[in-house]
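Undergrad: Listed below, chain by chain, are the residues.
2 protein chains.
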Amino acid sequence: MDTLKGPAIQDLYPEDFAHCFGCGKDNSHGHQLKSFVQGDEVIAHFTPAPHHVSVPGFVYGGLLASLVDCHAMAAAAAAAELAVGRRIGEGQVARYVTAALRVEYLKPTPLGGELEIRGRVTEQSEKKAVVALTVSVSGTITVSGEAVAVRMPKNMERRG
Amino acid sequence: MDTLKGPAIQDLYPEDFAHCFGCGKDNSHGHQLKSFVQGDEVIAHFTPAPHHVSVPGFVYGGLLASLVDCHAMAAAAAAAELAVGRRIGEGQVARYVTAALRVEYLKPTPLGGELEIRGRVTEQSEKKAVVALTVSVSGTITVSGEAVAVRMPKNMERRG
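Chains as they are written, first to last, in the working numbering: chain S, 1 to 160; chain D, 1 to 160.
Note that these hints are calculated values from the structure, not bench results. Please note that a few of the clues may not be correct.
Put simply, identical chains are the same to the list, so a pair is met inside one copy or across any two.
In silico lysine-lysine, DSS-like type, Cα no more than 30 Å apart, as pairs [claimed, not checked]:
1) Lys154 - Lys107
2) Lys127 - Lys107
3) Lys25 - Lys154
Turn these sequences into a full structure, and let the hints guide you.
TA: Below, the structure written as structure tokens:
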């Protein structure tokens, strides 16, 4: 599979908000998903661990939902940067959080291969974005989803 | 919080399908969610770990989606037993898998307390159920969701 290029969007989150279990670079227990702008899409690759199963041989749906979720927030953050004329990597990006998430499990996702998560922003305003996503393995789409991302509200800006 | 009574639904899954990362008793790396029939609802309690954060101080949305998902499958499995007149604990229950999951994050879920996940089956047929769910902490509902559960298809009955 091609190597993804450019800085990972999650590595540009403000330090105080880089602890997400799904994608924060500062969460050593987490998945550390890395999403990259590639043309008009945002793409990530992720290989589940052997224990990330629903039933033996198939990827846990909760993990798939988590990856879709974090990837969508990255896509929203990147889109907000591009919308104001900045390039990804020029500075920090804004942190988005999930208002709503919908995931459809089109078919079982076999464990063992690298997953590709693709996202595309379908609606965008100053504080909100809607992102359409797919997860595929070996070229077969197994999951589709949609997430509504909102700019992180002030009431989440506290220290844990 | 009251102690939940009766056998956990997930402990009644067939041994071959008790490895789910979210709720399988045989997945030592996983969350081991336990869901209990209480009246006409299914209820689970879960305390997130300190690293289960989205941003500091708040529970990771991917974990919340995962708990909603597993809890819904348990609710569907229990409902199928009750529909044919069996009591929960009399024997194994069928394994359901997720066809679709929708989660709405109504407000940030603060880290630190025990979560309560409640589910209620709203539609039920022989091979499918729809489950409506909430997650609350300290009596405040922070997440609502809906899951479509389907009886595990034969093509998932392989060994990993």
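Undergrad: For this structure, which hints from the list above don't hold up?
TA: Violated hints: none at all, because every hint is consistent with the structure.
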